[in-house]
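We have chain B; now place chain C with the ligand onto it with these hints.
Read off the chains here:
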Amino acid sequence: MQKQEKQVQDGVIPEEILQRWETRGISRRDFMKFCSVMTATLALPITMMGKIAEAIEGDNRPPVIWMEFLGCTGDTEAFLRANQPTAIDIILDYLSIDYHETIMAAAGHQAEAAKRQTMEKYKGKYLVIVEGSIPTAEGGIHCTIGGNSALNIAREVCGSALATIAVGSCASFGGIPAAAPNPTGAISVTKAVPGATVMNLPGCPLNATNLTASIVHFLTFGKLPATDSLGRPKFAYGKRIHDNCERRAHFDAGQYAEGFGDAGHRQGWCLYKLGCKGPETFHNCPTVRYNEGTSWPVQAGHGCIGCSEPQFWDTMTPFYKRLPNVPGFGVEATADKIGLGIAAATAVAFGAHGVASALRKDDDMESDLLKED
Amino acid sequence: MLQLRYVWEWPVRLTHWFNVISLIVLSVTGIYIGDPMLSVPQTDSFVMGWMRVVHFGFAYLFAVSVVVRLLWMFFGNSHARWKAFVPWASKEGWRNIIGTFSWYTFLRKKPPYVVGHNALAAMAYSLVFILFAVQIVSGFALYGQYDPNGLWASVTAPVLNLFSNQGLRLTHHMIMWLVIGFAIHHVYSAWLMDIKEKNGTLSSIFSGYKFIDPKDL
Ligand code: SF4
Chain B
187 MQKQEKQVQD GVIPEEILQR WETRGISRRD FMKFCSVMTA TLALPITMMG KIAEAIEGDN
247 RPPVIWMEFL GCTGDTEAFL RANQPTAIDI ILDYLSIDYH ETIMAAAGHQ AEAAKRQTME
307 KYKGKYLVIV EGSIPTAEGG IHCTIGGNSA LNIAREVCGS ALATIAVGSC ASFGGIPAAA
367 PNPTGAISVT KAVPGATVMN LPGCPLNATN LTASIVHFLT FGKLPATDSL GRPKFAYGKR
427 IHDNCERRAH FDAGQYAEGF GDAGHRQGWC LYKLGCKGPE TFHNCPTVRY NEGTSWPVQA
487 GHGCIGCSEP QFWDTMTPFY KRLPNVPGFG VEATADKIGL GIAAATAVAF GAHGVASALR
547 KDDDMESDLL KED
Chain C
364 MLQLRYVWEW PVRLTHWFNV ISLIVLSVTG IYIGDPMLSV PQTDSFVMGW MRVVHFGFAY
424 LFAVSVVVRL LWMFFGNSHA RWKAFVPWAS KEGWRNIIGT FSWYTFLRKK PPYVVGHNAL
484 AAMAYSLVFI LFAVQIVSGF ALYGQYDPNG LWASVTAPVL NLFSNQGLRL THHMIMWLVI
544 GFAIHHVYSA WLMDIKEKNG TLSSIFSGYK FIDPKDL
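Residue numbers (my numbering), protein chains in the order written: chain B, 187 to 559; chain C, 364 to 580.
Chain B with its partners taken away, still in its complex shape:
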């Protein structure tokens, strides 16, 4: 036992733990990989690896309720088919997901009863994961489950939870359902349940690695990771995409793809002029990437669309242009065209004034004085 503690201190995963996972069908290699990916994603020192391995072994299984509202189930998809299926095996094996509309076997009253049971039995101790935003217009009738509105359900379930994790841009900031004109009055979880402890994991979809890492952090330290002013964990949203992008050298050099498939694009030049929103988006996509760390949009040749930023559908469009269109000036009126127009109009107006003033006689101020002198 003492030997194990010493090993954990040094960041080594104790042999016994590895063996136990092996008997559950997860090879030691996969388990070690999982622990090191989690340590790296959370930006923890590698000596924490042993601690993490120990934590996801403990017997403090937190019950989880996963709720889906105005969303597309994209976050569930991202999580279930996540990178490294084994990682998900580990987490699913470890967490007790008591309610999840997409994957639970129970249905109808049975499912509702299971949820209620968890809420009562583990009051103030369970975790909630929310996917999708919450409609408020017309009494919240745009999303009801089991005859109850999403707003009521969210207030009830998140209100007595230990903590809530909002996954995806819809749950975090309202996302696409809340885009103008927002017919259903959709709002984020933070707005719907003001008093609750909510951590946001925006993204469309979220990066499953970040959700797994947040849960691992919770298991290891007993609390959710530190967040920024928008409630996002700093380990995942603490740096701008643009500042970690592999095309950044081309940006600084002044090399830009002008169109999809042109010479610059084929050489991997910066996608800034194709409307890349990397300079305005905070996310760890360039370092963690998607699909088993295979790729991410900019690597694949498409500019970032800023999907994890608040109101991205309203503020980041048009996706293929640097700047939003100027409101009130019709389609395609760019700020710079209008601005140039303003400058030109000023020059013309004052030019004309100048001609008129030159032809004007006797309005000189000091002419009489000068004559006297």
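Quick caveat, the hints were computed from the structure, so don't treat them as lab data. Do not take every clue at face value.
[To be verified] Cut-off 25 angstroms, straight-line C-alpha distance, at most; resulting in silico cross-link-like pairs (DSS-like, lysine-lysine):
1) B/Lys409 to B/Lys425
2) C/Lys559 to C/Lys472
3) B/Lys507 to B/Lys425
4) B/Lys377 to B/Lys409
5) B/Lys219 to B/Lys237
6) B/Lys523 to B/Lys459
7) B/Lys547 to C/Lys473
8) C/Lys472 to C/Lys454
9) C/Lys559 to B/Lys547
10) B/Lys547 to C/Lys472
11) B/Lys237 to B/Lys311
12) C/Lys561 to B/Lys547
Positioned in the frame of chain B, the structure of chain C with the ligand alone reads:
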């Protein structure tokens, strides 16, 4: 008899010229940063890098210059004071506003006689100072994003959350064009006044001196 009088004190002239230089440099580099029109062949060049370094450097110079000028509004002579920039606050100011406006629109023969700024110019400058302030705040908010834990990011976070990143970017572009429009008007009007008032308006921003009829002091 006309006499030479010291009107624009040195902080007024110095900040004026710092503003001119920074606005030119900031506009040129800013237009490139917003829409990099030249693509360079070598990967080891640093064109955008330099544009940004220069833009940020001059942004600091401009911000300091504007702040100094604003402070001088409380220490300078009567032509530099804040009161000169709110002509609408006094009866006499209103008379000057209407007078200058009528002269500009050819409804009046001679411009009202003023030693410092004419009323319309003073109003334009008040507006321009507001534009400058918005430009400085939006600029540093966008700049601060390189380090979300840094000083600028923490100071400007409310602005970003309120107006959104792209909203600030759009504003920053539009104000640049408004300021360019103002600059065109400003040079024209100074030239016009120099001709019509015959009191050395153009050279006064270099020397500080204007020809004044002592009766008007
Ligand atoms: S591709 Fe996008 S994120 Fe990458 S350097 Fe260019 S603008 Fe920045």
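Hint check:
no. : hint                 : verdict
1   : B/Lys409 to B/Lys425 : holds (22 angstroms)
2   : C/Lys559 to C/Lys472 : holds (11 angstroms)
3   : B/Lys507 to B/Lys425 : holds (23 angstroms)
4   : B/Lys377 to B/Lys409 : holds (22 angstroms)
5   : B/Lys219 to B/Lys237 : holds (15 angstroms)
6   : B/Lys523 to B/Lys459 : holds (16 angstroms)
7   : B/Lys547 to C/Lys473 : holds (10 angstroms)
8   : C/Lys472 to C/Lys454 : holds (22 angstroms)
9   : C/Lys559 to B/Lys547 : holds (10 angstroms)
10  : B/Lys547 to C/Lys472 : holds (9 angstroms)
11  : B/Lys237 to B/Lys311 : holds (22 angstroms)
12  : C/Lys561 to B/Lys547 : holds (14 angstroms)
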